[in-house]
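Heads up: the sequence lines are chains A and B, in that order.
This note's numbering numbers the first residue of the first sequence as 411 and each following residue consecutively.
This note's numbering numbers the first residue of the second sequence as 411 and each following residue consecutively.
Check before you lean on any hint, since a few could be wrong.
The list treats identical chains as one, so a pair stands whether inside a single copy or across any two.
[Stated by the list, open to error] Straight-line alpha carbon distances no greater than 27 Å define the calculated DSSO-like cross-link-like pairs of lysine-lysine that follow:
| # | residue 1 | residue 2 |
| --- | --- | --- |
| 1 | LYS515 | LYS527 |
| 2 | LYS570 | LYS451 |
| 3 | LYS451 | LYS515 |
| 4 | LYS616 | LYS570 |
| 5 | LYS527 | LYS476 |
Since the hints were derived computationally from the structure, they do not count as laboratory data.
There are 2 protein chains.
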Amino acid sequence: MPTSILIVEDEQEIRELLVFTLLRDGYEVVEAETAEIALEKIDSRLPDLILVDWMLPGMDGVELAKRLRRDELTAELPIVMLTARGEEGDKLLSFAGGIDDYITKPFSPRELLARLKALLRRSGRPKNNLIQASGICLDLNSYRITINDQEIQISPTEYKLLEVLMRNPNRAFERSQLLDRVWGRKVYVEERTVDVHMLRLRKILKPYGLDATLQTVRGIGYRFTSIT
Amino acid sequence: MPTSILIVEDEQEIRELLVFTLLRDGYEVVEAETAEIALEKIDSRLPDLILVDWMLPGMDGVELAKRLRRDELTAELPIVMLTARGEEGDKLLSFAGGIDDYITKPFSPRELLARLKALLRRSGRPKNNLIQASGICLDLNSYRITINDQEIQISPTEYKLLEVLMRNPNRAFERSQLLDRVWGRKVYVEERTVDVHMLRLRKILKPYGLDATLQTVRGIGYRFTSIT
DNA sequence: GGGAAATTTAACAGTAATGTCACAAATTGA
DNA sequence: TCAATTTGTGACATTACTGTTAAATTTCCC
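The whole structure should be built from the sequences, with the hints applied where relevant.
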């Protein structure tokens, strides 16, 4: 799955430049004209990074950042702020609100890409777009899974579920958290559905003796733990 | 423990400015004139972040960064590169080598501090929420309990009960208080039930000689006290 | 030492949580 | 369009947890 970036920018011209630059570098891009629209987009799919203009009609960029930080689902989401040159005072304000980096307009595409890359590397997004543990290897680019270098077949939902779990090894997720991250907040599905998908994942992993990596945390939900 | 920052810079003037700026902001500062000296300093104490000049006599900054990334101990160490203005091409080179951020000279102290702060905030993640005492360790992230690094099995209610007690060591709780905190105010259960769960916890801890940490306070309730 | 009060302990049965399966609706791809 | 795959759900099975009770034990005070 390609790295997805959400752009929140009201000026069409700048937005298009950003989209062009990012698409060319292989990112998946989602656009939002306002902070409000951005929140909706996030509900339907969580991006890997969000690029926000400081000045926006309605809720401004800093306020948006604060709201995202408050929400457990988005608290860790890397946020890059776009500011006009000469707003240095505002920059510091942004950092205080939990911004991860900022870029001044006009920006050089090369610098933009370099900063995003550095930030994504830091933010727990694995290098080379590979997630590996216990012989299981998710290739985020080609959407493929191999176990001990042998490719296996898996459905999209199972893939996302496994990805979320493997990106946060050892962390116990509640069913509702998994629903938020895998299915998105917009759709309503039963919590028990998670169980069924965990069962399906375990069946897939079983022939390799790896079903034990998907552990039940009674009273809470599930957890991925690599085994030796 | 104050956050420690290692500065690798050969030009004395710039180094002193950096030291001054960082010290004033409450950081602990370690200096190195060359990459080779930096590696020695890192061996003697791992800093929280490293600030490296790109141009250095001997091994340069990019090479140093690469070496640090290769070593498991320092692979995650945040690295900030100092570059002279106009070395943009070099900047990208640096990012490729795993740099987390860069700052162009001459730099504004405010910007320097803001960038470091943002980077440190991010690299502090993910927080390890741990409660530890007497060899018992609750990992609030994974909902795991280990005693002397050995994982033990425990049920949800016992877990919550132990958590409440260990969060407030030495504090004696009445049974009704424990009921409120562990079971919630809504449900009604007998006070004796607390006793039964304390018994179950003690049974779990007994093989490790830690059952004495759960002390009865006669006439009141129970208390967790760490033993040596 | 005796007796009352408080706590410990074991056993048990009900309940809640999770695992599993099959099916129908939705989606996808040829 | 049709077949194959994927997906969510309800039903039932299985497991493990929980609260209660009552008897045994300890503690405390006279």
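Status of each hint after checking the structure:
no. : hint            : result
1   : LYS515 - LYS527 : both (18 Å within a copy, 22 Å between copies)
2   : LYS570 - LYS451 : within (18 Å within a copy, 36 Å between copies)
3   : LYS451 - LYS515 : within (24 Å within a copy, 39 Å between copies)
4   : LYS616 - LYS570 : within (18 Å within a copy, 32 Å between copies)
5   : LYS527 - LYS476 : both (23 Å within a copy, 16 Å between copies)
Comparing the model with each earlier hint shows no violations; every hint is respected.
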